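Listed here are the chains, written in short residue letters.
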Amino acid sequence: MRRLLLYIIIITTGFIFIGRLFYLQIVDDSFAGLSEDNAIKVVYDYPQRGYIFDRNGELLVSNQPSYDVMAIPRNIKPFDTAEFCSILKLTPEQLSKKLDKAKIYSPRLPSIIVPQLTKSEYAYLQEKMRKYPGFYIQKRSLRDYQTQNGSNVLGYIAEVNNKIIDENPYYISGDLIGKQGVEGQYEELLRGIKGVKYIQKDRFNRDIGPFKEGIFDTLPKKGKDVTLSIDAMLQAYGEKLMENKRGGIVAIEPATGEILSLVTAPSYDPALLVGRKRSANFTKFYNDTYSKPLYDRGLLAEYPPGSPFKTINALIALQEDVVDIHDKFSCNRGYVYGRGRKLGCHAHASPLDMIPGIAQSCNAYFANVYRRIIEKYPTPQEGIDTWAKHLNSFGLGEFLGYDLPAGRSGKIPTSEYYNKIYEYPTYKWFATATISNAIGQGEVLMTPIQLANMTATIANRGWFYTPHILKNIEGESISDPDYTKKNFTTIDSEHFIPVIEGMHQVYKVGTASALQIPGIEIAGKTGTAENFTKINGKRTQLTDHSIFIAFAPVDNPKIAIAVFVENGYWGGRYAGRIASLMIEKYLKNSISRKDMETWVLTHSLEDEYLKPLSGEPFSINK
Amino acid sequence: MAKGTISFDWITILIYLLLISFGWMNIYSASLGDAPSGIFDFNEIYGKQAIWIILGLFMIIIILSIEAKFYMKFSSVFYIITLVSILGLFAFGKTINGATSWYVFGGVSIQPAEFAKVGTTLALANYLGDIQTNIKLFSHQLKAFFIIVLPALIILPQPDAGSAMVYAAFLFPLYREGLSGIYLFLGFAGITVFILTLVLGPFYVAIAVVVVCLLSLLQKKRRRPKPLVILGIIIGAVALSYSVDYIFENVFEQRHRDRFNIVLGKEVDARGIGYNTNQSEIAIGSGGWLGKGWTEGTQTKGQFVPEQHTDYIFSTVGEEWGFLGTSLVVLLFMGLLFRLLFLAERQKSTFHRVYGYSLVGIMFIHFLVNIGMVTGIFPTVGIPLPFFSYGGSGLWGFTILLFIFIKLDSERMAF
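These protein sequence lines map, in sequence, to chains A and B. Going by the working numbering, the letters in the first sequence line up with residues 1 to 622, in that order. Going by the working numbering, the letters in the second sequence line up with residues 1 to 415, in that order.
Simulated from the structure, these hints should not be mistaken for laboratory data. Small disclaimer: the values here were computed from a predicted structure and weren't measured. Each residue gets a CB set at the ideal place from its N, CA and C atoms; glycine is no exception. Hints may contain errors.
[Claimed, not checked] Derived DEER-like restraints, expressed as beta-carbon distance ranges:
{"#": "1", "chain 1": "B", "residue 1": "183", "chain 2": "A", "residue 2": "11", "range": "19 to 27 Å"}
{"#": "2", "chain 1": "A", "residue 1": "128", "chain 2": "B", "residue 2": "201", "range": "45 to 53 Å"}
{"#": "3", "chain 1": "A", "residue 1": "2", "chain 2": "B", "residue 2": "9", "range": "18 to 26 Å"}
{"#": "4", "chain 1": "A", "residue 1": "16", "chain 2": "B", "residue 2": "77", "range": "34 to 42 Å"}
{"#": "5", "chain 1": "B", "residue 1": "41", "chain 2": "A", "residue 2": "2", "range": "33 to 41 Å"}
{"#": "6", "chain 1": "B", "residue 1": "98", "chain 2": "A", "residue 2": "16", "range": "49 to 57 Å"}
{"#": "7", "chain 1": "B", "residue 1": "187", "chain 2": "A", "residue 2": "28", "range": "30 to 38 Å"}
{"#": "8", "chain 1": "B", "residue 1": "97", "chain 2": "A", "residue 2": "15", "range": "28 to 36 Å"}
{"#": "9", "chain 1": "B", "residue 1": "228", "chain 2": "A", "residue 2": "8", "range": "46 to 54 Å"}
{"#": "10", "chain 1": "B", "residue 1": "136", "chain 2": "A", "residue 2": "8", "range": "21 to 29 Å"}
{"#": "11", "chain 1": "B", "residue 1": "207", "chain 2": "A", "residue 2": "210", "range": "55 to 63 Å"}
Between the sequences and the hints, there should be enough to build the whole structure, so can you do that?
Next comes the structure, spelled out in structure tokens:
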């Protein structure tokens, strides 16, 4: 025993040590990761975000420098809180709350304490920074808007939230990310790739040079500059015309599917969502449930399309061969179907065949046409589904697939839908039960961009490119087949000739004859859509929506446009005037009918929008 | 005996050279500045250490060429020189890091406590090697204790508790030479009660002691301890437990309490007193299997571990050489200790054997306390890792201690 004791003790000690070392070095990996290494500081180098240009090369969005105050919680030593707070205009409570939050995120990684300092704050703080160990200033670039328009198109930049950080490891707390619009859609293109530097630190938190001579460091990759299909001049003009109104304008170049303008009203200046006032403004917009400035009506609002829809019913009827363009239908101020039920119409010559039927927007004519489409088939179910399939080929009733992150599918009813609401087979239903579809009322819903695309498709005589907003990336045209492959409709192109002639007549002699532009041949269609809201649970009718679609010139379409003005009454009143002005502005770059422009600019619909909120009885369509 | 039978134990010398070289490589890494200069640059820590090592090699030649009889004959003189040198610190010593443990001559500082082990070892070996000494006699035990405790008591108030603690190592040769096992048992039991008290509190320790003692009553009558002994053990243990609690709370200073509490996991304060241990664990832990490579340790470069080139040098091994390096060092030390034990055991004379056992004991305590501290198993007690830590005094002290034994071993047949 006396000889063995030391051997035993030495062996035991040796094994305990090796076990302990095995635990520290192999089992317990809490000390392993590079970023968790307290000797390494990770510094990110943020690249310039790509610029955004309009289709004519006009700069819309560039960058401006901004300075964030960052902190690495574990490196903070006691400091003069009062002075620090007074420089940054914070209360000590706000500061300690921010520091707590930063600590929870990570004691070793940097967090933003005060974002986006002004130049003068930066200059002043820069001098004092050495007094605050653990804090430093990080330069970042922010958006600098060269335009006051198109906030809905451009989107905005915001700080990433925890959800984004969890889902995408590229982002760390305090990073910026594009949201909505082009910034959101093309975030990866625009942002580039941030560079990273690993810096060796000593125990006083001083930098003592790059870690391993920088072999793990990466250089930032600049974001790509993009050119949009938007025409900034037209966009600005559209937004100006839509002031004091609600609704949307979508203009598309039919030959390419490029979106020329995407106006939503009301809107806001994109510069309001930059800098330290961003969050206050954003909250203000977000909470404005009354006019909803963040709601892109051009993409999201689903309206009944009204009379412009008749053009497609005419096309389907021709394709299904249920009507000849010379077939006449009489109209006695409406169309009577079933006992005492009547689809009303306005006063015009009767009977009419297709071209004047479109020009005069005769409800009775289209009720007959629609019934023929549906009743061609043995059952109304088959009829409706055939009709719906033609509509789907125009991109209706489903997502269009354009390159913006917001959208709605609209609605094209099918037999399934009607079977459900009419409780088939307990009860039967017939074409007449769906007769409102004939005139674009009833169950059909479309977004303005769908309506504009439908117009472009008619302009193209039967095909369309999926609308898109990106024109080229650093001078290189887009090649995504989603946007460079023609989508053909189920309608043969010959059937478009009489329909386009009808739409042309709308301007010549029909419902939009007052909106002609000298020297430009336009095809268009007015629309007036009934709409309802609920006031205290009671379904209440509001003033009709004013709708207009048009393309021009008729023989070589350069622009197809759809205009929706909420509660603007009949189609020609607001939407028609606005469409007409937009076309002239785009094609001629000047306005010959100043009185019409003045009328639109000086008329407001704010009173109309206040009516349902007033709590008092009101009259409509006046 | 013929001169031809004299040979040095080359295994020990090989392990020594391995430890010294590997140690220096780690000191080099831990003290590497921005602009590396020559490895013998006396302005750099690694340069100084390189020079100590080279001079040490010459010293080894001198030690090995002196006859073994010289060390035995003059052991008392060495002991007296030792006592004078450590006593002299009170008058001429220089205070570094709060401990008055150094003489400073020009740019060179010498820590006599590192050499004191040699004198004490020689004196103890000489006393026990005396044919008239019988360690089983209480009066002789007292004399032996006196030889050991005297230098420890002089070193303790410098204050240098770490160096003083090393003198506990001399219990091993005493035990080997026949000191009753009860001393070791009491020491071990005392330490156990001490630690358990700090972890659990005196009340539970008292209950545990009583239960253990009552269980011993269940043994066969012949082997059962006498009731009086049991009562004595219970009273002693409970008294110790409560006094430990009292001493810990009232006699210890806060810094002592902190050091114990950290190791016992009672208070975790990574930025405060536990900083050294925590940084050391981070450095070792970040090494993984193979480490980050020589001079590539980020924690080492950043000088996060305080005193890394001295007491915490093992954390550099951990970071830069990984588990491979650390386990190799542990195995080298185990190998050296085993080899020395084997050599000690084959000695014919008591003087030689006691010297060998003392050497093993001292090296073992350093090995145990230093690596235990660096890996966070032991409280922070500042003693160097033999042959590894930076410091000329420590290096030379251990080198002299070791090579006198190698010399003694080489001439063992002569006695």
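Checked hints:
Remark: the range hint 19 to 27 Å for residue 183 of chain B to residue 11 of chain A is upheld by a beta-carbon distance near 22 Å. For the pair residue 128 of chain A and residue 201 of chain B, the supplied restraint of 45 to 53 Å holds, since their beta-carbon distance comes to about 51 Å. The hint said 18 to 26 Å for the Cβ distance between residue 2 of chain A and residue 9 of chain B, and at roughly 23 Å that hint holds. Separated by about 40 Å at the C-beta atoms, residue 16 of chain A and residue 77 of chain B satisfy the suggested range of 34 to 42 Å.
With their beta carbons about 49 Å apart, residue 41 of chain B and residue 2 of chain A fall outside the hinted range of 33 to 41 Å. Hint check: residue 98 of chain B to residue 16 of chain A, Cβ distance near 31 Å, so the stated range 49 to 57 Å is violated. Separation of residue 187 of chain B from residue 28 of chain A is about 33 Å and conforms to the stated range, judged on CB atoms against 30 to 38 Å. The supplied range of 28 to 36 Å is met by residue 97 of chain B and residue 15 of chain A, whose beta-carbon atoms lie about 33 Å from each other.
In this structure, residue 228 of chain B and residue 8 of chain A break the distance hint of 46 to 54 Å, their C-beta atoms being roughly 31 Å apart. Judged by the Cβ atoms, the range 21 to 29 Å given for residue 136 of chain B and residue 8 of chain A holds: they are separated by roughly 23 Å. Here the CB-CB span from residue 207 of chain B to residue 210 of chain A is close to 60 Å, well matched to the stated 55 to 63 Å.
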